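**Student:** Take a look at the letters that make up each chain.
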Amino acid sequence: MDVITKDLLRLATIGSVDDGKSTLIGRLLVDTRQLFDDQMDAVAAASEKRGVGDLDLSFVTDGLRAEREQGITIDVAYRYATTPTRKFIIADCPGHVQYTANMATGASTADLALVVLDVAAGLKEQTRRHLCIAALLGVRSIVVAVNKMDAVDWSQIAFQRVVDEIETLSRRLGFKSVNVIPTSALLGDNVVETSTNLTWYQGPTVLEALEASEAGAWEHTNTQGARLPIQWVLRQPGGGRTYAGMVCGDSLRVGDKVTLLPANVETTITGINFGGEPIDEATVGLAADIDLEDETSAGRGDMIATKPLPKMVNEIATTICWFGEKPLAVGQRLRMKHTTKVAPVRVKTINGVIDIERLDVDESISLGTNEIGLATLQTASLMVVDDYRSNRVTGSFVLIDEATNATVAAGMVGRASFL
Amino acid sequence: MTVTPPSVSRKTDHLDLLESHAIFILREVVAECERPVLLFSGGKDSAVLLHLAVKAFAPQQLPFPVMHIDTGQNFPEVIAFRDATVERTGARLVVAKVQDTIDQGKVADPGLMGSRNRLQTVTLLDAINDNDFDAAFGGARRDEDKARAKERILSFRDVFGQWDPRQQRPELWQLYQGKVNPGEHVRAFPLSDWTELDVWQYIEREQMELPEIYFAHERDVIMRDGMWLAVGPFVEPRDDEPVKRLTVRFRTVGDANCTGAVLSNAATLEEIIDEIVIANVSERGATRADDKFSETAMEDRKREGYF
Numbered sequence: 003m004d005v006i007t008k009d010l011l012r013l014a015t016i017g018s019v020d021d022g023k024s025t026l027i028g029r030l031l032v033d034t035r036q037l038f039d040d041q042m043d044a045v046a047a048a049s050e051k052r053g054v055g056d057l058d059l060s061f062v063t064d065g066l067r068a069e070r071e072q073g074i075t076i077d078v079a080y081r082y083a084t085t086p087t088r089k090f091i092i093a094d095c096p097g098h099v100q101y102t103a104n105m106a107t108g109a110s111t112a113d114l115a116l117v118v119l120d121v122a123a124g125l126k127e128q129t130r131r132h133l134c135i136a137a138l139l140g141v142r143s144i145v146v147a148v149n150k151m152d153a154v155d156w157s158q159i160a161f162q163r164v165v166d167e168i169e170t171l172s173r174r175l176g177f178k179s180v181n182v183i184p185t186s187a188l189l190g191d192n193v194v195e196t197s198t199n200l201t202w203y204q205g206p207t208v209l210e211a212l213e214a215s216e217a218g219a220w221e222h223t224n225t226q227g228a229r230l231p232i233q234w235v236l237r238q239p240g241g242g243r244t245y246a247g248m249v250c251g252d253s254l255r256v257g258d259k260v261t262l263l264p265a266n267v268e269t270t271i272t273g274i275n276f277g278g279e280p281i282d283e284a285t286v287g288l289a290a291d292i293d294l295e296d297e298t299s300a301g302r303g304d305m306i307a308t309k310p311l312p313k314m315v316n317e318i319a320t321t322i323c324w325f326g327e328k329p330l331a332v333g334q335r336l337r338m339k340h341t342t343k344v345a346p347v348r349v350k351t352i353n354g355v356i357d358i359e360r361l362d363v364d365e366s367i368s369l370g371t372n373e374i375g376l377a378t379l380q381t382a383s384l385m386v387v388d389d390y391r392s393n394r395v396t397g398s399f400v401l402i403d404e405a406t407n408a409t410v411a412a413g414m415v416g417r418a419s420f421l
Numbered sequence: 148m149t150v151t152p153p154s155v156s157r158k159t160d161h162l163d164l165l166e167s168h169a170i171f172i173l174r175e176v177v178a179e180c181e182r183p184v185l186l187f188s189g190g191k192d193s194a195v196l197l198h199l200a201v202k203a204f205a206p207q208q209l210p211f212p213v214m215h216i217d218t219g220q221n222f223p224e225v226i227a228f229r230d231a232t233v234e235r236t237g238a239r240l241v242v243a244k245v246q247d248t249i250d251q252g253k254v255a256d257p258g259l260m261g262s263r264n265r266l267q268t269v270t271l272l273d274a275i276n277d278n279d280f281d282a283a284f285g286g287a288r289r290d291e292d293k294a295r296a297k298e299r300i301l302s303f304r305d306v307f308g309q310w311d312p313r314q315q316r317p318e319l320w321q322l323y324q325g326k327v328n329p330g331e332h333v334r335a336f337p338l339s340d341w342t343e344l345d346v347w348q349y350i351e352r353e354q355m356e357l358p359e360i361y362f363a364h365e366r367d368v369i370m371r372d373g374m375w376l377a378v379g380p381f382v383e384p385r386d387d388e389p390v391k392r393l394t395v396r397f398r399t400v401g402d403a404n405c406t407g408a409v410l411s412n413a414a415t416l417e418e419i420i421d422e423i424v425i426a427n428v429s430e431r432g433a434t435r436a437d438d439k440f441s442e443t444a445m446e447d448r449k450r451e452g453y454f
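As you go down the protein sequences, you meet chains A and B in turn. Under the numbering used here, the first residue of the first sequence is numbered 3, with each subsequent residue one higher. Under the numbering used here, the first residue of the second sequence is numbered 148, with each subsequent residue one higher.
Calculated from the structure, these hints are not laboratory results. Note that the coordinates shown come from a computational prediction; the quantities given were computed from them, not determined experimentally. Just so it is clear, CB atoms sit at the ideal spot from N, CA and C, and this is done for glycine as well. Treat the hints with caution; some may be incorrect.
Said to hold, decoys possible - With a straight-line Cα cutoff of 30 angstroms, these simulated DSSO-like cross-link-like pairs (lysine-lysine) come out:
#1 Lys350(A) - Lys313(A)
#2 Lys343(A) - Lys391(B)
#3 Lys328(A) - Lys202(B)
#4 Lys202(B) - Lys89(A)
What the hints assert, rightly or not - If we take Cβ atoms under 8 angstroms as the criterion, some of the chain B residues that face chain A in the derived model are:
#5 Val177
#6 Ala178
#7 Gln208
#8 Ala231
#9 Val233
#10 Thr236
#11 Lys293
#12 Phe307
#13 Asp311
#14 Arg313
#15 Glu359
#16 Phe362
#17 His364
#18 Met370
#19 Arg371
#20 Val428
Unchecked claim - Covered stretches of chain B, going by a simulated chain A footprint (3 or more residues, C-beta under 8 angstroms):
#21 181–193
#22 213–226
#23 314–325
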């Protein structure tokens with residue numbers, strides 16, 4: 003049997019609680035035969051035990067005891083699927099507002115967001131919040147499953163009402179590709195199998211839309227410059243050193259003129275290795291190590307870059323999703339992890355909080371749990387950053403509580419164009 | 148200065164991306180944590196993990212030891228593979244024995260034939276404490292089990308070694324943060340996003356060695372609890388369990404008394420890959436008695452600090 007390698011699409015499900023995200027993923031996995039017999043048996047047994055019918059498809063991804071007891075998703079489940087044309091990594095995210103940090107975890111590496119919403123309920127606040135976060139995180143493509151069509155008697159009018167709402171919001175948020183599909187995850191209509199109940203709909207099924215969308219968007223950023231944040235210095239036999247890290251933005255080749263930052267030393271790549279073997283080119287996403295012509299004192303946290311170069315700053319205007327239990331306030335000290343560098347930061351100003359309904363910035367002096375806002379951070383050392391819109395790796399950071407080491411915020415350099 | 152002209156750009160496929168992602172995680176944890184250790188059972192997943200670790204730090208020596216939690220109920224082929232691999236890579240091997248935990252009276256002795264699977268957790272947590280390890284790499288994959296599907300790549304453990312699935316740290320982008328306070332540690336799973344098929348395809352691509360029991364061979368087996376168990380020092384046939392000599396292989400490697408063999412003629416990596424592509428039973432479902440106790444067997448063990 004010929005097993006060829008395929009391209010990889012990373013997707014995250016988003017949307018409000020109870021609109022059917024987990025059921026739709028369960029349906030997708032069952033109907034594309036990704037589940038083994040014993041896994042199907044286990045889902046059936048768990049369904050019977052909890053008296054929820056023959057096969058509760060949400061149990062395919064809701065694997066924790068508490069999730070099955072409460073019938074909700076608490077944290078992201080990662081599932082893997084392969085079809086004849088591609089491989090999928092699926093992050094099934096929770097819908098509840100209290101688990102927004104988990105949703106952001108799942109969506110942060112997604113090429114595409116699969117939005118699931120209940121046709122009868124339309125765009126709920128939580129769905130808007132998730133779409134806003136997905137847009138902020140740089141997701142450019144969305145597939146929208148307008149779900150529970152069986153409950154509105156397959157009504158085209160009901161569907162169209164939701165489509166209009168989504169299209170208005172999507173334009174505002176700047177999604178590049180939007181595919182809206184009427185579905186019934188419960189009955190399997192238009193998930194994998196074309197619906198016979200929705201004869202007025204001529205478009206693709208959810209699976210067809212996923213197979214046709216752009217893969218690898220997360221790794222391939224818009225910046226023109228290549229970047230290698232140094233993770234580790236490898237000592238070579240004979241006394242030399244090479245700089246190990248994952249390449250982003252663009253490829254690096256032997257002979258490329260590069261700048262070491264923040265030292266601002268211009269030099270040339272004389273060698274590239276992968277796993278101890280020499281190669282000519284380090285493509286985006288490769289964890290390579292690089293030899294430079296000039297002797298430098300570079301180390302972890304420094305960056306090797308090609309032009310146009312990233313900015314060097316010790317004050318950063320950012321967009322922040324705050325997950326801490328207590329509000330984020332001016333003057334607060336935290337630790338920032340940005341690429342491979344960890345540095346203390348102080349909140350200099352809070353420049354507003356985003357109103358999810360109006361997608362507008364309101365004045366505020368603090369950010370509450372799960373609020374998204376704008377803040378200027380002062381950093382203890384010089385940071386080498388790109389705007390998040392041009393590079394998801396060098397434009398992103400997390401904030402860490404200094405006492406507990408908990409991750410309390412996700413941050414992006416700059417602000418989204420829709421704000 | 149002369150520079151080699153750049154060759155035609157090779158398309159990076161999904162195995163390249165998984166490989167680099169794993170190497171990236173290995174380096175991040177080593178950079179952020181004080182005393183990491185790699186958990187090495189001699190099974191295929193930990194063999195891949197060790198292979199990746201060697202690549203991540205080549206040409207240097209591994210910057211951490213490897214540790215085997217030895218239940219004393221191993222397949223001899225696996226121990227031979229463990230020792231050969233450790234010698235070849237030059238890694239320092241730490242062995243923590245479940246027998247020592249039993250002798251210290253910390254857990255009850257289940258007897259020669261009894262399962263020591265769950266007892267391993269105590270041995271593992273003691274070894275992490277005794278050696279002051281603050282990070283432990285494991286070869287667990289999210290496609291193995293529904294509780295594992297929920298776990299972060301860097302999974303925080305409190306001073307009791309417990310995993311709390313309701314209080315996981317947000318883990319955005321590839322910003323893995325492994326800082327912990329004294330007594331706490333993280334488990335790091337660089338193979339989180341790999342599937343069973345990815346692992347086998349990678350083993351084939353890298354032409355890796357594996358313990359012989361993964362490949363089809365003749366063996367005396369008995370049928371117990373719906374699984375073919377290898378007859379040996381830890382599995383004695385009962386009166387109603389006739390011994391059969393069959394061609395089998397092992398799809399996973401755990402303790403000899405709770406890991407089932409599958410009937411198979413797949414004797415090469417290529418044949419194993421063909422077999423997995425059309426398999427209709429999951430890896431753990433086919434071969435692990437330890438997951439069959441209850442609906443949440445893995446979650447319950449993981450909460451206590453299991454691998």
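**Student:** Does the nearest C-beta of chain A fall within a distance shorter than 8 angstroms of the C-beta of valine 428(B)?
**Tutor:** For valine 428(B), the interface hint holds, since the closest Cβ of chain A sits about 5 angstroms away, which is under 8 angstroms.
**Student:** Is the coverage entry for the region 314–325 of chain B by chain A consistent with the three-residue Cβ rule at 8 angstroms?
**Tutor:** Holds, because 9 residues of the region 314–325 of chain B bring their Cβ atoms closer than 8 angstroms to Cβ atoms of chain A.
**Student:** Hey, lysine 328(A) versus lysine 202(B), does the alpha-carbon distance stay inside 30 angstroms?
**Tutor:** violated, 43 angstroms
**Student:** For the pair supplied as a hint, lysine 343(A) and lysine 391(B), confirm whether the alpha-carbon distance does not exceed 30 angstroms.
**Tutor:** The hint is violated at about 59 angstroms.
**Student:** Quick one, is the phenylalanine 307(B) hint okay against chain A at 8 angstroms, beta carbons?
**Tutor:** violated, 16 angstroms
**Student:** Would the hint on alanine 231(B) stand, with a C-beta cut-off of 8 angstroms toward chain A?
**Tutor:** Hint on alanine 231(B): violated, closest Cβ of chain A at ~20 angstroms, above 8 angstroms.
**Student:** Check the hint pairing lysine 350(A) with lysine 313(A) against an upper bound of 30 angstroms on the C-alpha distance.
**Tutor:** Since the Cα atoms of lysine 350(A) and lysine 313(A) sit roughly 19 angstroms apart, the hinted pair holds (cutoff 30 angstroms).
**Student:** Minimum Cβ distance from threonine 236(B) to chain A below 8 angstroms?
**Tutor:** violated, 12 angstroms
**Student:** Verify this for me: three or more residues of the region 181–193 of chain B with a beta carbon less than 8 angstroms from a beta carbon of chain A.
**Tutor:** Answer violated; 0 residues pass the 8 angstroms Cβ test.
**Student:** Does methionine 370(B) pass the interface hint, meaning its C-beta sits closer than 8 angstroms to a C-beta of chain A?
**Tutor:** Violated, because the Cβ-Cβ distance from methionine 370(B) to chain A comes to roughly 17 angstroms (cut-off 8 angstroms).
**Student:** So if I understand the rule, the pair passes when the alpha-carbon distance is 30 angstroms or less; does lysine 202(B) with lysine 89(A) pass?
**Tutor:** holds, 25 angstroms
**Student:** Can you verify the interface hint for glutamine 208(B): is its Cβ closer than 8 angstroms to any Cβ in chain A?
**Tutor:** violated, 10 angstroms
The structure fails hints 2, 3, 7, 8, 9, 10, 12, 13, 15, 16, 17, 18, 19, 21 and 22 (numbered hints given earlier, in ascending order).
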